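In terms of full-length UniProt numbering, the sequence shown opens at residue 1 and continues consecutively.
I should point out that these hints are in silico values taken from the structure, not numbers from a laboratory.
These numbers come from a predicted model, not from an experiment.
Idealized CB from N, CA, C, for every residue including glycine.
Certain hints may be false.
Cβ-Cβ distance ranges computed for the label pairs, FRET-style [said to hold, decoys possible]: (1) Pro28 to Arg90: 36 to 46 angstroms; (2) Met66 to Pro41: 13 to 23 angstroms; (3) Pro28 to Asp48: 18 to 28 angstroms; (4) Glu94 to Phe50: 26 to 36 angstroms.
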Amino acid sequence: MGYDSRFCFPLCLVNLLVMKTLRQQNRPVISYVPRVEPAPPEHAVKMDGFRDVWLLRGKYVAFVLMGEHFRRSPAFSVPEAAQRWAMQMRQEGEITS
């Protein structure tokens, strides 16, 4: 004998609904945390002649202290570009504060 289709369908539907609600209840809550850049890493090399520029993995990166945290620049191929970015960040920080 086979299963009665009228009996199996509601039972399967109930199982799916129960499993789905349990799965959603265990979902972690995702909240936004602003990204805070760290200070220059220990393996970065400070560039002589530049206030904020460090050599990191073959690229030039600027780290600027803004308030209590450092902001890190994108990677540049020349140190002058990284220093320009740092000066712009300092000017923007002076304007907003």
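Here's how the hints hold up against the structure:
1. In this structure the hint that Pro28 and Arg90 lie 36 to 46 angstroms apart at CB holds, the actual value being about 38 angstroms.
2. Here the CB-CB span from Met66 to Pro41 is close to 18 angstroms, well matched to the stated 13 to 23 angstroms.
3. The hinted range of 18 to 28 angstroms is not satisfied by Pro28 and Asp48, whose Cβ atoms lie roughly 47 angstroms apart.
4. Taking the beta carbon of each, Glu94 and Phe50 are about 20 angstroms apart, not inside 26 to 36 angstroms as hinted.
Violated hints, listed in ascending order, are 3, 4; each of the other numbered hints is respected by the structure.
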